[in-house]
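Protein chains in written order, with our numbering: chain A, 1 to 455; chain B, 1 to 455.
Treat the hints with care, since some could be wrong.
[Unchecked claim] Partial list, computed: chain B residues near chain A (C-beta under 8 Å):
#1 Pro120
#2 Ile122
#3 Lys123
#4 Leu125
#5 Thr132
#6 Phe328
#7 Trp365
#8 Ile405
#9 Thr410
#10 Pro431
[Unchecked claim] Derived lysine to aspartate or glutamate pairs resembling EDC-like cross-links, with alpha carbons at most 16 Å apart:
#11 A:Lys415 <-> B:Asp420
#12 B:Lys451 <-> A:Glu323
#13 B:Lys415 <-> A:Asp420
Simulated from the structure, these hints should not be mistaken for laboratory data. Where a beta carbon is used, it is the ideal one built from N, C-alpha and C, also for glycine.
Number of protein chains: 2
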Amino acid sequence: MTERLVIIGGVAAGAKAAAKARRTNPKLDISVYQEEADISYSACGQPYVISGLIGQRKQLVIRTPDDFLKDDIQVMTRCRVTALNTSEKKLTVIDLTSGKDSFVRYDKLIIATGARPILPAIKGLELEGVLTLRSMSDLDRLIRYIEVMKPKNAAIIGAGYIGLELADSFRNLGIATSVVEKAERILPKFDPEIAQRVYDHCVAHEIEFVLGDSLAKLNGTGGQVSALETESGRSIACGLVVLAIGVRPNIDLAKQSGIGLGATGAIAVNNRMETRIQGVYAAGDCCETTDRITGNPIWMPLGDIANLQGRVAGENAAGGCAEFPGVFGTAIFKSFDLNVAITGLSEQSALQARLNPISVIISAWDRARYYPGGRELDIKLIASKDSGRILGAQVIGTGSADKMIDIAATALLGKLTCEDLENADLAYSPPFSQVLSPIITAAGALNSKIKKARA
Amino acid sequence: MTERLVIIGGVAAGAKAAAKARRTNPKLDISVYQEEADISYSACGQPYVISGLIGQRKQLVIRTPDDFLKDDIQVMTRCRVTALNTSEKKLTVIDLTSGKDSFVRYDKLIIATGARPILPAIKGLELEGVLTLRSMSDLDRLIRYIEVMKPKNAAIIGAGYIGLELADSFRNLGIATSVVEKAERILPKFDPEIAQRVYDHCVAHEIEFVLGDSLAKLNGTGGQVSALETESGRSIACGLVVLAIGVRPNIDLAKQSGIGLGATGAIAVNNRMETRIQGVYAAGDCCETTDRITGNPIWMPLGDIANLQGRVAGENAAGGCAEFPGVFGTAIFKSFDLNVAITGLSEQSALQARLNPISVIISAWDRARYYPGGRELDIKLIASKDSGRILGAQVIGTGSADKMIDIAATALLGKLTCEDLENADLAYSPPFSQVLSPIITAAGALNSKIKKARA
Numbered sequence: 001m002t003e004r005l006v007i008i009g010g011v012a013a014g015a016k017a018a019a020k021a022r023r024t025n026p027k028l029d030i031s032v033y034q035e036e037a038d039i040s041y042s043a044c045g046q047p048y049v050i051s052g053l054i055g056q057r058k059q060l061v062i063r064t065p066d067d068f069l070k071d072d073i074q075v076m077t078r079c080r081v082t083a084l085n086t087s088e089k090k091l092t093v094i095d096l097t098s099g100k101d102s103f104v105r106y107d108k109l110i111i112a113t114g115a116r117p118i119l120p121a122i123k124g125l126e127l128e129g130v131l132t133l134r135s136m137s138d139l140d141r142l143i144r145y146i147e148v149m150k151p152k153n154a155a156i157i158g159a160g161y162i163g164l165e166l167a168d169s170f171r172n173l174g175i176a177t178s179v180v181e182k183a184e185r186i187l188p189k190f191d192p193e194i195a196q197r198v199y200d201h202c203v204a205h206e207i208e209f210v211l212g213d214s215l216a217k218l219n220g221t222g223g224q225v226s227a228l229e230t231e232s233g234r235s236i237a238c239g240l241v242v243l244a245i246g247v248r249p250n251i252d253l254a255k256q257s258g259i260g261l262g263a264t265g266a267i268a269v270n271n272r273m274e275t276r277i278q279g280v281y282a283a284g285d286c287c288e289t290t291d292r293i294t295g296n297p298i299w300m301p302l303g304d305i306a307n308l309q310g311r312v313a314g315e316n317a318a319g320g321c322a323e324f325p326g327v328f329g330t331a332i333f334k335s336f337d338l339n340v341a342i343t344g345l346s347e348q349s350a351l352q353a354r355l356n357p358i359s360v361i362i363s364a365w366d367r368a369r370y371y372p373g374g375r376e377l378d379i380k381l382i383a384s385k386d387s388g389r390i391l392g393a394q395v396i397g398t399g400s401a402d403k404m405i406d407i408a409a410t411a412l413l414g415k416l417t418c419e420d421l422e423n424a425d426l427a428y429s430p431p432f433s434q435v436l437s438p439i440i441t442a443a444g445a446l447n448s449k450i451k452k453a454r455a
Numbered sequence: 001m002t003e004r005l006v007i008i009g010g011v012a013a014g015a016k017a018a019a020k021a022r023r024t025n026p027k028l029d030i031s032v033y034q035e036e037a038d039i040s041y042s043a044c045g046q047p048y049v050i051s052g053l054i055g056q057r058k059q060l061v062i063r064t065p066d067d068f069l070k071d072d073i074q075v076m077t078r079c080r081v082t083a084l085n086t087s088e089k090k091l092t093v094i095d096l097t098s099g100k101d102s103f104v105r106y107d108k109l110i111i112a113t114g115a116r117p118i119l120p121a122i123k124g125l126e127l128e129g130v131l132t133l134r135s136m137s138d139l140d141r142l143i144r145y146i147e148v149m150k151p152k153n154a155a156i157i158g159a160g161y162i163g164l165e166l167a168d169s170f171r172n173l174g175i176a177t178s179v180v181e182k183a184e185r186i187l188p189k190f191d192p193e194i195a196q197r198v199y200d201h202c203v204a205h206e207i208e209f210v211l212g213d214s215l216a217k218l219n220g221t222g223g224q225v226s227a228l229e230t231e232s233g234r235s236i237a238c239g240l241v242v243l244a245i246g247v248r249p250n251i252d253l254a255k256q257s258g259i260g261l262g263a264t265g266a267i268a269v270n271n272r273m274e275t276r277i278q279g280v281y282a283a284g285d286c287c288e289t290t291d292r293i294t295g296n297p298i299w300m301p302l303g304d305i306a307n308l309q310g311r312v313a314g315e316n317a318a319g320g321c322a323e324f325p326g327v328f329g330t331a332i333f334k335s336f337d338l339n340v341a342i343t344g345l346s347e348q349s350a351l352q353a354r355l356n357p358i359s360v361i362i363s364a365w366d367r368a369r370y371y372p373g374g375r376e377l378d379i380k381l382i383a384s385k386d387s388g389r390i391l392g393a394q395v396i397g398t399g400s401a402d403k404m405i406d407i408a409a410t411a412l413l414g415k416l417t418c419e420d421l422e423n424a425d426l427a428y429s430p431p432f433s434q435v436l437s438p439i440i441t442a443a444g445a446l447n448s449k450i451k452k453a454r455a
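Take these sequences, add in the hints, and give me the full structure.
Okay, structure coming up:
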């Protein structure tokens, strides 16, 4: 009998795992069960469909079930896995279209069930115009609501990446936008001075922030949301509310079937992406991973990490041998004209981890000053005062933050010190860089600071 | 008596060394002797002044003698050092304006005399319109010649970076351009398939190449160049000839004073940038360095390397402690719409170094396919078949070659394997990258190829 790999979930990790499993083992029987109608789509592109920058939602769909079928991968959409029996290696699946149950056996299983938005326990969630943004159905609902109702004002609950990207999209549509955030400041993973710059930039683009306050109640008129009230008693008029306070891993199936969870509450896996049950793998937003600097378990629900993990899970489930060593927490987003990026630990989290950090912030241009089109950026670089080893970086500006942060992330991967990075042989020519890359300038400044601190 | 640092040469390495020495030691007496009227300029920007993209030559000047004086660094321009006595720690300097000789003592010395264009031993070099491009005077002459004589056609001798950048500039000015190259192909440091793409792109932009042939003779009319003849007997009409066959280090002073040269013929230095004579340092195009992959001495006359070396020489000469570990041969240039970059060894040079290389070429977009403004690039990644360690990369395309090559160069610095790089945690968001960075895709493909080769 042909060995059968079943994958639960097909957005990022699941889709990637299926493709990689096929490349690893041409003979494997591969099936993907996906609850939504769409599979293999880029959720990270959704804010740009809302803003209108990307014309059609179908552009976000990378591969259709038909595309997978060409690689002999069967995709069952609108199918929910309702039960998992790992001792019998069996799944119960309900076809959401027909309502029929069926049973599916597997030899190897990959759980890629993703995550879902956290909903606050408040009154008014059922009102029309109270939405989340995660699935393609969420996107469809949000776009349709804006088209039909033409809200003049919107409130976004939560000032994380998605909340801020959405705020940008709403301003592009001319919608007055408030962002309500429980914490005293936005972007808690960034150091305060970087987060402040993003805050100021958003304020300059007429985002109204309500910080240190949280959503208490939603009020409606004729079944439709019209205002929100905060804990502190503030009332904000809003014809649209998007709940973006965060996500949690979809672990119901894992929990119910005795697959172990880790310290973060997501599914625990080893570096082969295998759960505590042999032959059962997990990948993407439903599972946890390792922080490569602290060595601690961390939950990092990001699309690129899901793809990396899916690739490893797919290869291993198909009989190959691959490892996923963990993450550095690298992330980037665009907020109006600013590019904002982070890798590794912030200075704050390095302090919390008692890593004795030292840091510099430098301002630079991303190409030769005289060459047209150059843009500015600030780099904050953080290292261990003891060893000089780089611990993290944050980059903000209109310039090439993506390039700088990727160099820094690769430096983390190589466990480089400031002195190593200061002497990096990076590519220089006036259209592409300053004669010394800004990241070299930052590393040099930090190395000098460390030398002085030691002297 | 205040300790005195003298620096010979003030373009890239010398200017940087002076600035770094001042930051390292505020009390040091620092003087820079510079033969040209200009100091601290970006020679790499010259092609863009010629093309007209950069309006004024003065934009290339980073700091003037006055700027240096504010940091208490004395700069003597138009002063040539004619003799060096290292046992008496004394220089003889001629002021080219007044013609007067003077004697200068030093405690520490940095030689940053740079390099000069190689001139072929042929007839007709004295003709008007036969030029080189290196110094700011060269730039002035070339610009003036084009303005006054309005040549309809030009020949560039040598198809290196400068030759190709100049060809681009000349085409921008509407000048019919031929490039004569002795070798059978352009860009010998790149692998043939990458060089071929640059060649084709240049040909599409109406550059005429004459390969495998060299300049034999220059003919003139009324003292002005009008045509060249090649070794094979070909005649090419040209109202302007630029000799860009390469440069050689300015080592006359070093040689005459017994400062040792290395295997490459440039000044030998240790990793503190100190020559074989204690207290005498060298930096920039006049000295050699180490190839960090092969461990061999290498001469790499590039502006960014000069800056890195100048910084280390300046710090050490001022009593600090810094090391320069060598280079990976990273370089980038723009040829019309193509960005072309290299780091580490080409497959050819890895073969020559008997490093058992294996390689892949992948094509990718530099951001999410659906996000506007994405551009294409091809990455060739080379690794050791035995260890999986990355040996080099070449990137070509309209896309972000600079970002990809800098990630690869940082991977070389960290001695990463394909497997390491395949799991890099790089920054993803649709405006900045594909969900998996093209360099990750390349590393993954190469890692799979290595696994298959071993299986």
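Can you verify the interface hint for Leu125 (chain B): is its Cβ closer than 8 Å to any Cβ in chain A?
Violated. Min distance 29 Å.
Under 8 Å is the threshold here; is the Cβ of Phe328 (chain B) close enough to any Cβ of chain A for the hint to stand?
Holds: closest Cβ of chain A sits about 4 Å from Phe328 (chain B), inside 8 Å.
Holds or violated: Lys415 (chain B) and Asp420 (chain A), Cα atoms, limit 16 Å.
holds (12 Å)
Measuring from the C-beta of Lys123 (chain B) to each C-beta in chain A, is the shortest one below 8 Å?
Lys123 (chain B) check fails; min Cβ-Cβ to chain A is 35 Å, beyond 8 Å.
Interface hint compliance - Trp365 (chain B) to chain A, C-beta minimum distance less than 8 Å:
Cβ of Trp365 (chain B) sits 12 Å from chain A, so the hint is violated.
Status of the Pro120 (chain B) interface restraint (C-beta, 8 Å, chain A):
With a closest approach of 26 Å, the Pro120 (chain B) hint is violated.
At a threshold of 8 Å, is the proposed contact between Ile405 (chain B) and chain A supported by beta-carbon distances?
This hint holds: Ile405 (chain B) lies near chain A, its Cβ roughly 5 Å from the closest one there, short of 8 Å.
Can you verify the interface hint for Ile122 (chain B): is its Cβ closer than 8 Å to any Cβ in chain A?
Hint on Ile122 (chain B): violated, closest Cβ of chain A at ~30 Å, above 8 Å.
Hint consistency between Lys415 (chain A) and Asp420 (chain B) [alpha-carbon to alpha-carbon, up to 16 Å]:
holds (12 Å)
Are Thr132 (chain B) and chain A close enough, Cβ to Cβ, to be under 8 Å, as the hint says?
Interface hint status for Thr132 (chain B): violated (20 Å vs cutoff 8 Å).
So, Pro431 (chain B) near chain A? Judge it on the closest CB pair being under 8 Å.
Since the shortest Cβ distance to chain A is 5 Å, the answer is holds.
Checking one constraint from the list: CA of Lys451 (chain B) to CA of Glu323 (chain A), max 16 Å. Satisfied?
Within the cut-off at roughly 13 Å; holds.
When each numbered hint is compared with the structure, violations occur for hints 1, 2, 3, 4, 5 and 7.
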